[in-house]
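The whole structure should be built from the sequences, with the hints applied where relevant.
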Amino acid sequence: MDGLYIGLVLVPTLIGVLAAVSCALLGNFLVLRKQSLMGDAVSHVVLPGIVVAFIFTGSMSVGPMLLGAAAAALLSALLIELVRNLGKVEPGAAMGVVFTALFALGVVLLEQSDTRDVHFDVEHALYGNLESLVWLAGMDASSMFEPEALADLPPQLGRLALALVAVIAFLVFFWRQLVVSTFDPVFAHAAGVPVRFVGAALISLVAVVAVTAFEAVGAIITIAMLICPAAAARLMTNRLLPQILWSVFFALVSAVVGFWAAGSGMELIGSGFSVSAAGMIAAVSGAILGLCAVAAPQRKGALGH
Amino acid sequence: MIDATAFVNALTFNAGYNTAIVAIGAVLLGWAGGTVGTFLLLRQRSLVSDALSHATLPGVGIAFLVMAWFGGSGRFLPGLLIGAAISAMLGLASVEWLTRRTRLQSDAAIGAVLSSFFGLGVVLLTVIQSLGIGRQAGIGSFLLGSTSGMLRNEAITLAVLALGVAFLVFVLRRQLTLVCFDETFARTSGIDIRRTDLLLMLLVMAVTVTGLRVVGLILVVALLIIPPVAARFWTDKTNTMVVVSGFVGAVSGFIGTALSASVPNFPAGPVIVLVAACLFVFSLLFAPARGVFYGLYRSRAFSRKVHRRQGLLAILRGEAIYDRDTIKVLKGEGYINADATPTKTGLDAAENAAREEALWTIYLRDNPDAAYRAARMRLDPIAERLTTGEIAELEKQFSGPAAALPVQ
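Chains A and B, in that order, give the protein sequences.
Note that this note's numbering gives residue 585 to position 296 of the first sequence, counting from 1, and the numbers run on in steps of one.
Note that this note's numbering gives residue 287 to position 260 of the second sequence, counting from 1, and the numbers run on in steps of one.
Just so you know, the hints here were simulated from the structure itself, not pulled from any lab data.
Mixed in with the good hints, there may be bad ones.
[As the list claims (entries may be wrong)] With a Cα cut of at most 30 Å, we get these calculated DSBU-like pairs of lysine-lysine:
| id | chain 1 | residue 1 | chain 2 | residue 2 |
| --- | --- | --- | --- | --- |
| 1 | A | Lys-323 | A | Lys-589 |
| 2 | B | Lys-332 | B | Lys-358 |
| 3 | B | Lys-355 | B | Lys-371 |
| 4 | A | Lys-377 | B | Lys-264 |
| 5 | A | Lys-377 | B | Lys-332 |
| 6 | B | Lys-371 | B | Lys-264 |
Structure below.
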């Protein structure tokens, strides 16, 4: 195996896959609970969180950034509930008010603060820079076993792997509670399942994954992967476990095909440049959903209208 | 920091021709957005506009490439806006199609269309960047909007578009109100609901496309969502809400552009949205109809009335009062002394309270259908709530048959 291939293609692809799969796993429950747009809202408010963290610490180090983003995500979830209850407006509108206001605040703070010497702007926040997460020390296959070379791996890889493990652990340990409170919250409540707690835990985990993925691959992939693969999988089957497996498969395909199409695929059609991998991955996941909406076996649901 | 003179100049349209045109455009746009947004909120479709606005990006990119292909300047604003409108329509059609033809709910359809169209748009933006076609700077400003580098004819185009949208909203407002307020009645009066909904979405698209260059595609939905939600706190009537919401939008556009013109590094789009958000928070806290503080004040005033009435009745019955809040209210109004013995005014008020209770009881016996309203009314002095004639009638019955008062 060519070393350059590992470092420049495999590692960023793997990062994309990890982000995509973590998001898709949680996305299944968001779609079933009609909360898909929470992922959208959370991804938007990550920006003000990061900017505020930067203003307080003056550096772009990862710890404060993740902390600020997670705090902003939780704050936005609280604010949405507050606006919903006080204003008695539909959840969609409450969400729209909160995330646009916070995002606007983030942009203004960013423009006002002196971030010129650090590389950060709104575009970066939106579509990240997956292509730059390369592993230059991985010059040949043997470096996969060399500690010094491994230490040079992009740190995002480890963080996203950790996030994926957390997601899987959550699904395994809370499976029964999650499933029953998703499909029949009233019964779940009567049966003593802490429905509100499970819901809050799900949203918190979405925030954690969105923040981790956001830092590596930008907001678009996060939103697309939280919704598209799970929505497409929903059209494939009526059963939950197969749906989750389908969503993981679709996420995997989107990440791999998207990354390939953005780079090598472009060279293949004779163009001398590459395009945004994040954008391409999102577009591919949308195309998969489009295909499923036309041809998937369960696209009309049990009613079959 | 904010430059006061520059701010006043901008507010009075004296900060240059371009700024004035942009400000007028933003006011019209804010008004149109607030008005259209009210109908969108009442139809519970606010976030469809989010999918719509994100779906404009591929259209902008393709329009740029096509215009550059034919040797023109890719920055030609009307061309870009037509591209944006076409792809927004495609995005809207996709959302409709996914929700109608598949089992997916609208939230999943909106999110999927939003992210995949936006992803495609980003791909096209990077294509434009890599092609190295010069002067593509105009494209980036569609993400977050910008007014600083705007050309004069761009500003005029936007102001004219905003005027057109505002005019359309004005013409269609009755039909839209009817459909939102009472769908059945609208249908029986011969209004085609589906066509009206389509018209509404076209107006949403028009607001979105016009707002793209000023506010940017990520935040333009705020113009459609925040003003109506703010207006919701001021009224329960659709007609009033439409007016208040349009006003909130227009004020946001006006103050936002003025602030942006007078403070360095204050991008117009986000600032307009933040002004709207401030108006929203103000409404949430202070609006008289459903605001938080007014609600608190009302519930406190009500509980004070209950304590007063129950305390006075207890005085009359010669019972000891233990409730601290009741004691506080009675003391504060001079009905009892420090040692909890009733004062002269207290005894008089107690007599009066008992009399009013009795009159209300008779009133309710005769008007059982008024029970719901009376639950609150009966705590106020009876003379404020009933006419002298009604009270005289009650008094007559009260002193009439010797039937004992139905004391509660």
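Each hint, compared with the structure:
1. A:Lys-323 / A:Lys-589: Holds, at about 17 Å.
2. B:Lys-332 / B:Lys-358: holds, 14 Å
3. B:Lys-355 / B:Lys-371: holds, 18 Å
4. A:Lys-377 / B:Lys-264: holds, 15 Å
5. A:Lys-377 / B:Lys-332: Answer holds: Lys-377 of chain A to Lys-332 of chain B is near 27 Å, not above 30 Å.
6. B:Lys-371 / B:Lys-264: With Cα atoms ~47 Å apart, Lys-371 of chain B and Lys-264 of chain B exceed 30 Å; violated.
Checked against the numbered hints listed earlier, the structure breaks hint 6 alone; every other hint is satisfied.
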